[in-house]
Structure formats: C-alpha cells, structure tokens
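Peer 1: Let the sequences and hints guide you as you build the complete structure.
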Amino acid sequence: MARVNLSLLSNAAVPSSGENAAAEDAAPQLAEPTANVDAAVNTPVVVDSNDDGAVAQELELEQMRSTLEEAIVETRSTTLENRPRLPRLALSKRNRAVVRALNPMLVTYLEASRDLCETDSILFGAALAVCRIIGAKLSTAGRATGQSSAIPAWRIRIEERIAKARALIGRLICFRSGNTRPRIVRTVRMAFARTNVSFSQPDIMQKLTEHIDELKQRIAAWGKRIRRYTERSTRFNQNRLFQSDQKRLYKSLERPIVSGTGPAPNQADMVAFWRSLWSEPVNHNEGPWTEVVASQCASITPMDPVIITPDDVAEAVRRAPNWQSPGLDGLHHYWLKGFMVCHSVLARQFQEALNQKSLPSLFTTGITHLVPKDQGATDPSKYRPITGEIESFVNSAHGNQ
27 MARVNLSLLS NAAVPSSGEN AAAEDAAPQL AEPTANVDAA VNTPVVVDSN
77 DDGAVAQELE LEQMRSTLEE AIVETRSTTL ENRPRLPRLA LSKRNRAVVR
127 ALNPMLVTYL EASRDLCETD SILFGAALAV CRIIGAKLST AGRATGQSSA
177 IPAWRIRIEE RIAKARALIG RLICFRSGNT RPRIVRTVRM AFARTNVSFS
227 QPDIMQKLTE HIDELKQRIA AWGKRIRRYT ERSTRFNQNR LFQSDQKRLY
277 KSLERPIVSG TGPAPNQADM VAFWRSLWSE PVNHNEGPWT EVVASQCASI
327 TPMDPVIITP DDVAEAVRRA PNWQSPGLDG LHHYWLKGFM VCHSVLARQF
377 QEALNQKSLP SLFTTGITHL VPKDQGATDP SKYRPITGEI ESFVNSAHGN
427 Q
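Start counting the sequence shown at 27; every next residue gets the next number (the working numbering).
Since the hints were derived computationally from the structure, they do not count as laboratory data. Heads up, some of the hints might be wrong.
[What the hints assert, rightly or not] Straight-line Cα separation of at most 25 Å, DSS-like style, residue types lysine-lysine; simulated pairs: (1) Lys190 to Lys242; (2) Lys119 to Lys363; (3) Lys408 to Lys273; (4) Lys163 to Lys363.
[Stated by the list, open to error] Pair ranges (Cβ atoms, derived): (5) Ala298 to Glu86: 52 to 58 Å; (6) Arg91 to Val397: 41 to 47 Å; (7) Asn381 to Thr256: 53 to 59 Å; (8) Thr391 to Asn205: 56 to 62 Å.
Owing to the predicted nature of the structure, the values given are computational and were not obtained by experimental measurement. All residues carry an ideal CB built from backbone N, CA and C; glycine is no exception.
Peer 2: Following this line, the structure appears as structure tokens:
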C-alpha cells in the first residue's frame with residue numbers, strides 16, 4: 027500500500043509529457059528568461075589579457091616615438107665633429123625588432139627631407155634613438171677627441187694590477203728597511219687591514235717578507251696570464267688569416283707588423299705635404315695625340331642618362347660591410363640596411379644631385395687615417411693615407427647601372 031501511494035505521488039509530482047508540452051506552449055516567455063538569467067549568473071566573467079598587452083605595446087611605441095623625436099632634434103643642432111660615436115651592436119633579435127619598430131616612424135621625417143644632409147641627420151638621429159632604447163653605451167666626448175686603443179681592455183686591467191702590486195712592494199720594502207714616514211705607514215696599515223697582523227707583533231718583519239713574496243708570485247702569475255692570452259690570440263688570428271688570405275699571413279710572418287708607437291709626425295707638415303699633392307693645380311702636357319683620341323671618340327654614342335632606383339640603393343647597401351669605418355657623419359652601413367624606408371628617398375636625392383652635378387660637402391669630405399710604412403717614421407711621405415668618405419657609397423649605387 028505504501029509503495030502504491032508513493033508511485034501515485036511521484037506521478038502527480040512529475041507531469042506527463044502532454045502536460046509538459048502544454049505548459050511550454052502556454053508560457054514560453056517565462057522559461058527562457060529564467061534560463062538566460064541563470065546562464066548570466068553562472069557564466070564567469072573572462073578578462074582578455076590581450077587588451078593589457080595591446081595597451082602596453084602602444085605605450086612602448088609611444089615612448090619609442092618620443093625618443094626618436096628627441097634624438098633627431100638633438101642631431102640637427104649638433105655639428106658633425108661633435109656627434110657621439112655609434113657603438114657596434116650585436117645582431118640579436120631584440121635589436122632587430124627595435125630597428126623594425128622605428129622604420130615606419132621615419133616615413134614622416136624622410137618625406138619632409140629637403141636634401142641629402144637633412145636625410146643623413148634624420149638617419150643618424152634614428153640610429154642614436156635605437157642605441158638609447160636598447161641601452162647601448164655611447165661616447166659623450168665626440169668622435170674628434172677620442173682615439174681607440176690597440177691594447178685590449180683585459181690586458182690593461184692586468185697591467186694596472188701589476189703596477190699597483192709593484193708600488194705596494196716598494197713601500198713594504200721601505201717600511202721593512204726602517205722608513206716610518208706617515209705615508210709609508212698608512213700604506214702598510216691598508217695592506218694588512220683585512221688580516222690579523224698588527225705592528226705590535228714580534229714577527230712583523232717575517233709577515234712583511236711573506237706578504238712581499240706573495241705579491242711577487244701574483245705578479246709572476248699575472249705576467250704568465252698575459253703571455254698565455256697573447257699567444258692564444260696570435261694563434262687564433264693567424265689561423266683565421268690562413269683561411270682567408272694566406273699571402274697576407276706569410277707576409278706578416280716574414281716582416282713584423284709596423285706599429286705607430288714612435289713619435290708622431292708634425293701635423294702641419296702632414297697637411298702641407300698632402301696638400302701639395304692633392305690641392306695644387308698642375309699643367310699637363312697637351313700633346314697632339316690628345317686631339318687624335320678626341321677625334322676617334324667623337325663617333326661614340328653617348329651613354330644614356332643614368333636613373334638611380336631604390337633597388338640600386340638597396341643593392342649597394344647589401345654589398346657594403348655592416349661596420350666599416352664610416353665617413354665624416356659617423357653613420358655605418360648597418361643603419362642604412364636596417365632603415366629600409368630611406369632607400370627610395372636616397373635614390374631620389376642621389377638622382378637630383380646627379381642631375382645638378384653637385385654633391386654636398388658632407389659627401390666629399392672624409393676622415394683620413396695615416397698608416398706608417400716604416401717603424402718610427404716621421405717623414406710625411408712614409409705614411410699611407412686611407413680615407414673613409416660617403417661618396418664611395420654613392421659611386422656604388424651609381425655603378426649598378
């Protein structure tokens with residue numbers, strides 16, 4: 027009986043399928059809003075993390091744009107001689123990404139450029155902005171005053187340690203021999219500051235002798251380290267030179283490399299000597315053969331006008347070494363390769379200069395490095411001039427035609 031009543035109650039509580047259909051037809055609007063409300067209440071709120079990333083990226087681009095603007099304005103007000111020396115950057119993904127990010131920002135500046143000098147200033151400012159964004163170290167003194175040292179930094183550090191150790195040995199020996207001047211005593215106290223040695227100990231002289239011997243052993247070890255590193259560097263350079271240029275290697279083995287460590291020649295004599303060769307007008311002998319050659323060349327068809335295209339500039343940039351010694355502007359070829367938006371502007375301005383048959387003085391002035399031919403030479407004629415100028419890049423773009 028209880029089982030029958032329970033079954034009847036369950037049937038009464040659960041409507042039949044027909045009743046369900048009738049109920050759904052009678053009130054369709056009531057069930058759906060309830061389901062929608064439940065779904066809205068139970069659905070979790072999802073925050074898209076891409077929005078924060080987009081905002082952060084936009085802020086970073088805005089900061090890059092501000093740095094670029096400041097660098098370009100600063101470069102325009104700085105003379106060529108006082109421009110900072112651009113460092114050599116590592117070919118990393120981060121550095122390339124920064125250069126690619128600044129590429130579209132340069133379009134506005136380059137479109138407003140009036141001549142090659144202004145374009146060069148914009149490109150140098152962009153390179154300066156890249157260095158500041160990635161945190162590269164820049165020289166603040168300018169390129170005219172700084173001179174690169176041929177001695178590596180690690181060797182300079184070791185030699186400084188050796189010099190300090192030798193100076194300390196000299197003062198310790200003076201103190202051991204009875205010199206008690208305040209400066210000597212102060213140096214000895216500093217030498218034993220981190221030890222338990224005091225001047226009141228009876229074996230102070232023995233401690234001094236042991237410390238002097240220890241410093242001498244350190245100096246010997248540092249000297250061996252310099253010799254070991256130098257020999258390893260020499261072997262490495264010779265092996266690499268053997269793979270690239272054997273003739274040059276054998277020449278360097280037969281004749282030692284000349285270094286300009288002697289007295290420098292007089293600058294006025296240098297300028298006067300090379301000016302007499304390059305700047306003084308010369309009257310050539312105009313023989314009758316020149317007229318014969320001129321008559322023979324009269325029938326030659328003139329060359330078609332040269333048109334420099336952006337592809338010519340891109341090809342000239344591609345063949346140029348990245349970090350070759352720059353010209354007076356201090357801009358390496360690496361930046362011309364990275365800032366690809368400048369190729370069309372350079373092609374147009376090179377074409378205008380070619381049609382006008384004139385180039386700015388920036389492109390015809392270079393930095394000349396005088397390499398000595400002999401050891402300790404002071405005669406200006408014993409130096410080989412090597413000049414880095416921007417005109418060679420123009421000639422390369424012109425030579426593609």
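Peer 1: Each hint needs a verdict: does it hold in this structure or not?
Peer 2: Structure-based check of all given hints:
no.: 1; hint: Lys190 to Lys242; in the structure: holds, 12 Å
no.: 2; hint: Lys119 to Lys363; in the structure: holds, 15 Å
no.: 3; hint: Lys408 to Lys273; in the structure: holds, 23 Å
no.: 4; hint: Lys163 to Lys363; in the structure: holds, 21 Å
no.: 5; hint: Ala298 to Glu86: 52 to 58 Å; in the structure: holds, 55 Å
no.: 6; hint: Arg91 to Val397: 41 to 47 Å; in the structure: holds, 43 Å
no.: 7; hint: Asn381 to Thr256: 53 to 59 Å; in the structure: holds, 55 Å
no.: 8; hint: Thr391 to Asn205: 56 to 62 Å; in the structure: holds, 59 Å
When each numbered hint is compared with the structure, no violation occurs for any of them.
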